[in-house]
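Once you've looked at the hints, dock chain B against the given chain A.
Chain residues, written in single-letter form:
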Amino acid sequence: MRFTKTKAVLAGLTLAATAACGGNAGSDSGGGADVQVKKDAASAFPAGTRMKELADAGKITIGVKFDQPGLGFKGAADDAPSGFDVEMAKILAASLGIDAKNITWKETISDNREPFLQSGEVDLVLATYSITPERRKVVGQAGPYYLTGQQLLVKKGSAIKSVADIKGKEVCSVTGSTSLDNVEKKGARPRGFDTYSECRDQVLDGTVGAMTTDGSILLGYAAQNPDELEVVGEPFSEERYGVGYNKDRPEMCKWISDELKTSFDDGNWKKAFDATLGKSGAQAPQAPALDPCPTA
Amino acid sequence: MQDVFNQFDLVLKAFWLTIQLFLLSGVCSLLLGVLLAGMRVGPVSVLRGAAAVYVTVIRNTPLLMIFIFVFVAAPRLDVNFDFLTKGVIALTIYTSAFVCEAIRSGINSVPLGQAEAARSIGLTFIGSMREVILPQAFRATMPPLASVLIALLKNTSVGAAFGLLEATARMRFFTNNNADDRMLIFLTFAAGYVVLVELLSFGASRLERKWRVAVR
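Note that the protein sequences, when read in sequence, are chains A and B. Heads up, the first sequence is in the numbering used here, so the first residue is 1 and it goes up one at a time. Heads up, the second sequence is in the numbering used here, so the first residue is 1 and it goes up one at a time.
If you are wondering where the hints come from, they were derived from the structure by calculation, not from laboratory data. The beta-carbon is built from N, C-alpha and C at its ideal position, and this holds for glycine as well. Any given hint could be a false lead.
Result set (DSS-like, lysine-lysine): computed pairs, CA atoms no more than 25 Å apart in a straight line [stated by the list, open to error]: (1) A/Lys156 - A/Lys167; (2) B/Lys13 - A/Lys167; (3) A/Lys38 - A/Lys185; (4) B/Lys13 - A/Lys186; (5) A/Lys38 - A/Lys137; (6) A/Lys185 - A/Lys52; (7) A/Lys261 - A/Lys155; (8) A/Lys185 - A/Lys39; (9) A/Lys169 - B/Lys13; (10) A/Lys254 - A/Lys271; (11) A/Lys155 - A/Lys137; (12) A/Lys185 - B/Lys210.
Counterexamples of contact, computed for chain B against chain A with all Cβ distances above 10 Å [as the list claims (entries may be wrong)]: (13) Gln20; (14) Arg48; (15) Thr56; (16) Phe83; (17) Leu134; (18) Ala151; (19) Ala190.
Pulled out of the complex, with its shape left as it was, chain A reads as follows (with noise of 0.2 Å):
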């Protein structure tokens, strides 16, 4: 019996210490968009279609990103995820009526986004994922609520000042990524590593000249390390990013660019950005115009 008593707690101490942890380490999403969480929302929806099939179940699985602060990161203490991404696809479940906490955050990284969508392993994936049309054959991408364009992240006073500096270096991302291909055809040595935090370490510890990705990303990353990174540089491509839906479901089409046109217009989209990104100093940019859907 008193064995069981220490237990308690010993476990209510962890999770005191867990809680206390949790604090600062990423789980800052406090505020972000006041989402009204629809009631009764299954009835909107004409029968048949996948939205009215989650919104019955009152519950929906999203892939995000889980190593990008500011779009989409969760921290080892960190019950859910944060960031832009996340904020986008609260919005999104809201509008189905599924509350924050009945939506499964899965991560999802650069290689099996496409997978993870033709499976139905995850519902709607918002993982910085950028339009292309090689992308569009296999899976639906709605928007995009989002544009970017790759810069380079460096230590402080590094010799590399823009593009035209890293013919010759050594600079990193992550293995596979088009950001990658785009340095490497710039002349520089490309460097890939598993996720983005390897590679700003790389970095930090001088092995590499220069993180390249997403401006939004980098920003994220310099935010947290200001003292020794900063974000140089002119974006020298453009990514647009879309919201990922099976292929087999083209009415979600409709329903996302809905909800995102929704969500420019009644300030929830800037309040998710100013949330997230905005806090490394970035000012919500205008709102991107959306694709048209698909024809059926």
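Just chain B, lined up with the frame of chain A:
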């Protein structure tokens, strides 16, 4: 798939890096492995202990951990090399432990009388190893050693996550850009590995036959 064939030079370059990683770390692991095996069967107890500890520690450590140590931990201790060297170091640390054990099994297969005879005609430990024991041991070692080297060839792919643009990293680049062609790209690169491994096992079986003792 068009994309892959249009840029086939990138594929070949990536497999060339795979081969470089394999050859360099293969040679280094064989040398280090023989040295370790010599230590493990040698007369000096300190060396015997040291080699045994090395094998135990490394063989029980996942390759990924060794890569993380060499690529992430070591640079923070100001131990840093260029990427290819770091890849070779990580693969060599790991593979040499297995090479050591494969060779030790070969050495143990040589009858004790051979070593005693070698020592009794005045050969030193090194001399008896080189002239009598190892030539016979290598013969018995060939099949397990071939397995270790095949594993090494495929283990080079761990480098894909550590800045080495070898075949697997290049494959992920193609699958990311051509989401509609994943299956074929996977199969193309898998075929590349199959060809390399087949070449390796063919070479090994030829050596095995060449070194076989004439039984008659």
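Each hint, compared with the structure:
For the hint pairing A/Lys156 with A/Lys167, the CA-to-CA distance comes to about 19 Å; that is within 25 Å, so the pair holds. With a C-alpha separation of about 19 Å, the suggested pair B/Lys13 and A/Lys167 falls inside the 25 Å cut-off, and the hint holds. A distance of roughly 48 Å separates the Cα atoms of A/Lys38 and A/Lys185; the hinted pair therefore is violated under the 25 Å criterion. At roughly 18 Å between alpha-carbon atoms, B/Lys13 and A/Lys186 fall within 25 Å of each other, so this suggested pair holds.
For the hint pairing A/Lys38 with A/Lys137, the CA-to-CA distance comes to about 33 Å; that exceeds 25 Å, so the pair is violated. Distance check on the hinted pair: A/Lys185 and A/Lys52 sit about 46 Å apart at the alpha-carbon level, beyond 25 Å; violated. Taken as a hint, the A/Lys261 and A/Lys155 pair is broken in the structure, with Cα atoms around 38 Å apart against an allowance of 25 Å. Restraint check for A/Lys185 and A/Lys39: the C-alpha separation of about 51 Å exceeds 25 Å, so the hint is violated.
Between A/Lys169 and B/Lys13 the CA atoms are separated by roughly 19 Å; this keeps the pair inside 25 Å, and the hint holds. For the hint linking A/Lys254 to A/Lys271, the alpha-carbon distance of about 23 Å falls within 25 Å, and the restraint holds. Proposed proximity of A/Lys155 and A/Lys137 is contradicted: the alpha carbons are some 39 Å apart, above 25 Å. With a CA separation close to 48 Å, the supplied pair A/Lys185 and B/Lys210 exceeds the 25 Å bound.
At roughly 15 Å from the closest C-beta of chain A, the C-beta of B/Gln20 stays outside 10 Å, upholding its exclusion from the interface. The claim that B/Arg48 lies off the interface holds: its Cβ sits roughly 37 Å from the closest Cβ of chain A, which is beyond the 10 Å cut-off. No beta-carbon of chain A comes within 10 Å of the beta-carbon of B/Thr56; the shortest separation is about 28 Å. The beta carbon of B/Phe83 is not kept farther than 10 Å from every beta carbon of chain A, the shortest such distance being approximately 7 Å.
The Cβ of B/Leu134 lies farther than 10 Å from every Cβ of chain A, with a closest approach of about 39 Å, so its non-interface assignment holds. No Cβ of chain A comes within 10 Å of the Cβ of B/Ala151; the nearest lies about 21 Å off, and the non-interface call holds. With a minimum CB-CB distance of about 16 Å to chain A, B/Ala190 clears the 10 Å threshold, and the non-interface call stands.
Checked against the numbered hints given earlier, this structure breaks hints 3, 5, 6, 7, 8, 11, 12, 16; the rest are met.
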